[in-house]
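This is what each chain is made of:
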Amino acid sequence: MNRNQTHRSRRWILKSLHLLGLFLIMAVICIPGLWIVLNSFRPTVEIMAKPPVWTPTFTLDHYRAMFGGAGEGGVPVFQYFRNSLIVSVASTVIAILIGMGGGYAFARYRFRFKNGYFVGLMLFRAVPGVALSLPLFIVFALVGLIDTHIGLILVYVAMNVPFTIWLTDGFFRQIPKEFHEAAEIDGCTRWQAFWKVEFPVARSGVAAAAIFAFLTSWNEFALASQLTRSVGSKTMPVGLLDFTAEFTINWGGMCALAVLMILPALILTFLVQKHLIAGLTFGGVKG
Amino acid sequence: MAKHLRVFRHSPEHRKKGTMRRRLPEWFVLLLPAFIIMAAVVLIPLVFSLYSSFTPYKLTRPSTLWRWIGTANYEKILTDVKFWAAFGRTILFLTIALNLELLFGLLIALMVNKVTLGQRTIRTILMFPMMFSPILVGFQFKFIFNDNIGLANNALQALGISDAAMPWLVDGKLAMFSIIFAEVWMSTSVFAVLILAGLFAIPRDPLEAAKVDGCTAWQTFRHITLPFLMPFIFIAMTIRSLDVARAYDIVQIMTGGGPAGRTELIWTLMSRTGYVDARMGLANAMGYVSILLSIAFTVYFFKKLSAARSELGFGDKI
Chain A
1 MNRNQTHRSR RWILKSLHLL GLFLIMAVIC IPGLWIVLNS FRPTVEIMAK
51 PPVWTPTFTL DHYRAMFGGA GEGGVPVFQY FRNSLIVSVA STVIAILIGM
101 GGGYAFARYR FRFKNGYFVG LMLFRAVPGV ALSLPLFIVF ALVGLIDTHI
151 GLILVYVAMN VPFTIWLTDG FFRQIPKEFH EAAEIDGCTR WQAFWKVEFP
201 VARSGVAAAA IFAFLTSWNE FALASQLTRS VGSKTMPVGL LDFTAEFTIN
251 WGGMCALAVL MILPALILTF LVQKHLIAGL TFGGVKG
Chain B
1 MAKHLRVFRH SPEHRKKGTM RRRLPEWFVL LLPAFIIMAA VVLIPLVFSL
51 YSSFTPYKLT RPSTLWRWIG TANYEKILTD VKFWAAFGRT ILFLTIALNL
101 ELLFGLLIAL MVNKVTLGQR TIRTILMFPM MFSPILVGFQ FKFIFNDNIG
151 LANNALQALG ISDAAMPWLV DGKLAMFSII FAEVWMSTSV FAVLILAGLF
201 AIPRDPLEAA KVDGCTAWQT FRHITLPFLM PFIFIAMTIR SLDVARAYDI
251 VQIMTGGGPA GRTELIWTLM SRTGYVDARM GLANAMGYVS ILLSIAFTVY
301 FFKKLSAARS ELGFGDKI
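Residue numbers (my numbering), protein chains in the order written: chain A, 1 to 287; chain B, 1 to 318.
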């Protein structure tokens with residue numbers, strides 16, 4: 001009886017520890033983000049108040065200022081949003097097309113130095129953005145690609161192609177060769193066999209690669225901050241810096257832009273969440 | 001066996017030899033766009049920067065690009081105390097951050113795996129930090145760790161834990177803690193999500209056999225669960241090591257390498273040398289050191305990944 005009781009109380013303690021741990025983890029993950037969202041709705045006076053005000057008042061001032069365009073201290077948010085969207089979507093689509101071709105080549109063909117090519121591509125991806133930005137800045141200045149959408153798109157395509165190749169390679173390799181052979185016997189061309197038989201099976205991998213490519217381009221800062229100059233090509237991560245002056249930071253405005261920046265990434269990720277995890281693990285582990 | 005032969009005879013590379021001898025091989029055509037774009041955007045600039053790291057190139061004086069000074073830049077940084085301090089700090093930063101991320105990621109995955117109610121919601125929340133831009137993470141924690149109006153200090157004072165304002169980003173040691181905190185916050189979820197996926201994929205039989213044989217929870221974890229999770233851990237590590245330099249964005253925003261160089265990492269030092277002092281040649285020499293560092297991390301984890309993969313038999317079976 002006594003032993004039973006200690007056993008039960010030990011289980012109870014373990015269970016509550018488990019819940020407490022989970023709660024703490026969720027709090028640490030959520031609070032910083034929620035704090036940003038909350039502060040985007042608070043007036044600047046309240047954000048700067050000392051001693052702090054714990055009961056928030058609600059205002060849309062920061063959003064009004066942000067969307068009001070280039071007024072007093074206004075940041076051309078729409079332009080930045082447009083630039084980010086153009087650059088991210090274009091570079092994701094191109095990177096997926098190029099990367100899928102590469103992944104298919106690695107999965108289906110045998111050729112010399114295959115591993116060498118593969119590792120080489122991955123190593124190019126590992127080059128730190130800051131280190132690349134120094135020479136890239138000079139080269140782009142020579143060919144006139146500084147401050148253009150095309151320049152940034154090229155850079156992001158190059159960043160995303162190796163990772164796409166890695167993920168799609170793993171997926172294509174799992175599809176038995178008999179699949180496309182059967183399709184070809186039934187009268188499909190090689191191209192049709194790819195689109196109708198092999199591509200649908202590898203869809204999760206492609207979706208995961210696309211999400212990763214989009215997030216990388218959408219969030220990239222080190223290269224964008226050097227390769228963009230004007231409102232015509234600055235992306236949102238670079239635009240965040242507009243809220244900082246020499247000694248002060250417009251926290252409220254920055255929080256509002258931050259919310260605008262996270263929303264598309266959030267929506268997109270939730271839409272393809274399932275594919276994301278499946279794509280990463282299958283592409284990587286079994287590839 | 002017969003099935004095998006048939007597959008081989010029909011395989012694309014085999015057929016191609018007969019009919020399209022003179023055309024480029026298909027694999028090459030498929031890979032060509034990737035090679036072209038990598039060469040144009042990464043290789044050419046890298047060759048240029050390798051050359052310029054042997055010159056005293058300054059942005060303000062373009063003519064300096066044509067003066068060859070040999071390895072003087074490398075000698076200069078290799079004898080520079082500041083550079084070595086930044087280099088050592090970068091290694092320390094990465095070691096602490098990656099280990100903490102792995103540890104927390106494993107812990108979180110094991111805890112979430114035990115949850116029965118609302119697991120999907122928790123998993124979704126876990127992925128939250130993955131969507132944040134590193135620069136946004138930097139700003140967010142610069143705001144939270146602000147010594148005057150930040151949430152951290154306000155909460156500490158309101159709870160009566162500390163009276164004075166903690167100088168989170170002003171004191172050297174606390175600043176290092178703050179940037180590691182931000183880095184860990186941002187990247188732990190990659191580990192947690194991937195390890196969780198590994199936990200879902202664990203076969204039930206060995207676990208039950210261990211239970212029947214009377215293994216303790218620790219023994220089961222150490223000898224069955226952990227070896228199975230290793231490939232997943234190395235994938236997360238490989239993905240992370242591909243962009244360890246993301247930490248640049250965070251540090252640049254939060255402290256800019258300060259106070260007095262106490263959080264200076266190799267990347268912030270390089271960008272200051274290149275863009276603020278305009279000494280491109282010297283900065284490119286540092287760039288090469290940082291590239292070697294990243295490559296070392298990537299190669300190391302890639303090797304571990306393929307070793308773990310073949311150990312579990314994933315490598316060639318599928």
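It should be emphasised that the hints constitute simulated quantities derived from the structure, not laboratory data.
Backbone N, C-alpha and C fix where the C-beta goes; we use that ideal spot for every residue, glycine too.
Do not take every clue at face value.
[Claimed, not checked] To give an idea of the interface, some chain A residues facing chain B are shown, with a C-beta separation under 7 Å as derived from the structure:
| # | residue |
| --- | --- |
| 1 | G21 |
| 2 | F23 |
| 3 | A27 |
| 4 | I29 |
| 5 | F41 |
| 6 | V127 |
| 7 | V130 |
| 8 | V139 |
| 9 | A141 |
| 10 | V143 |
| 11 | L145 |
| 12 | I150 |
| 13 | L154 |
| 14 | N219 |
| 15 | A222 |
| 16 | P264 |
[What the hints assert, rightly or not] Derived BS3-like pairs (lysine-lysine); straight-line CA-CA distance at most 30 Å:
| # | chain 1 | residue 1 | chain 2 | residue 2 |
| --- | --- | --- | --- | --- |
| 17 | B | K211 | A | K15 |
| 18 | B | K303 | A | K177 |
| 19 | B | K211 | B | K76 |
| 20 | B | K76 | A | K274 |
| 21 | B | K211 | B | K82 |
| 22 | A | K114 | B | K304 |
| 23 | A | K177 | B | K173 |
| 24 | B | K114 | B | K211 |
| 25 | A | K196 | A | K114 |
| 26 | A | K196 | A | K177 |
| 27 | B | K173 | A | K50 |
| 28 | A | K177 | A | K15 |
| 29 | A | K15 | A | K114 |
| 30 | A | K274 | B | K58 |
| 31 | B | K303 | A | K274 |
| 32 | A | K15 | B | K58 |
| 33 | B | K76 | B | K303 |
| 34 | A | K177 | A | K50 |
| 35 | B | K82 | B | K58 |
| 36 | B | K76 | B | K58 |
| 37 | A | K114 | A | K50 |
| 38 | B | K303 | A | K114 |
Now for the hints, and whether the structure bears them out:
1. G21: 6 Å, holds
2. F23: 10 Å, violated
3. A27: 11 Å, violated
4. I29: Cβ of I29 (chain A) sits 6 Å from chain B, so the hint holds.
5. F41: 15 Å, violated
6. V127: 5 Å, holds
7. V130: 5 Å, holds
8. V139: 5 Å, holds
9. A141: Constraint on A141 (chain A) not satisfied, violated at 10 Å.
10. V143: 10 Å, violated
11. L145: Check failed: Cβ of L145 (chain A) comes no nearer than 10 Å to chain B, outside 7 Å.
12. I150: Not OK, violated: I150 (chain A) not within 7 Å of chain B, min 12 Å.
13. L154: At 5 Å from the nearest chain B Cβ, L154 (chain A) passes the 7 Å test, so the hint holds.
14. N219: Hint holds; N219 (chain A) Cβ to chain B Cβ min 3 Å, cut 7 Å.
15. A222: Holds. Min distance 6 Å.
16. P264: Not OK, violated: P264 (chain A) not within 7 Å of chain B, min 9 Å.
17. B:K211 x A:K15: At roughly 20 Å apart (the allowed maximum being 30 Å), K15 (chain A) and K211 (chain B) satisfy the hint.
18. B:K303 x A:K177: Roughly 28 Å between the alpha carbons, so the hint for K303 (chain B) and K177 (chain A) holds.
19. B:K211 x B:K76: 61 Å, violated
20. B:K76 x A:K274: 51 Å, violated
21. B:K211 x B:K82: 56 Å, violated
22. A:K114 x B:K304: 19 Å, holds
23. A:K177 x B:K173: 57 Å, violated
24. B:K114 x B:K211: With a Cα-Cα distance of about 17 Å, the restraint between K114 (chain B) and K211 (chain B) holds, given a limit of 30 Å.
25. A:K196 x A:K114: Holds - the C-alpha atoms of K114 (chain A) and K196 (chain A) are around 27 Å apart, at most 30 Å.
26. A:K196 x A:K177: Distance ~14 Å between K196 (chain A) and K177 (chain A) Cα, so the pair holds.
27. B:K173 x A:K50: 26 Å, holds
28. A:K177 x A:K15: Cα-Cα ~49 Å, so violated.
29. A:K15 x A:K114: 51 Å, violated
30. A:K274 x B:K58: 50 Å, violated
31. B:K303 x A:K274: Answer holds: K303 (chain B) to K274 (chain A) is near 28 Å, not above 30 Å.
32. A:K15 x B:K58: 63 Å, violated
33. B:K76 x B:K303: Given that 30 Å is the threshold and the Cα spacing comes to 33 Å, the pair is violated.
34. A:K177 x A:K50: 68 Å, violated
35. B:K82 x B:K58: 20 Å, holds
36. B:K76 x B:K58: The hint holds at about 16 Å.
37. A:K114 x A:K50: Distance of about 62 Å is beyond 30 Å: violated.
38. B:K303 x A:K114: With Cα atoms ~16 Å apart, K303 (chain B) and K114 (chain A) stay inside 30 Å; holds.
Going through the hint list in order, the structure does not satisfy hints 2, 3, 5, 9, 10, 11, 12, 16, 19, 20, 21, 23, 28, 29, 30, 32, 33, 34 and 37.
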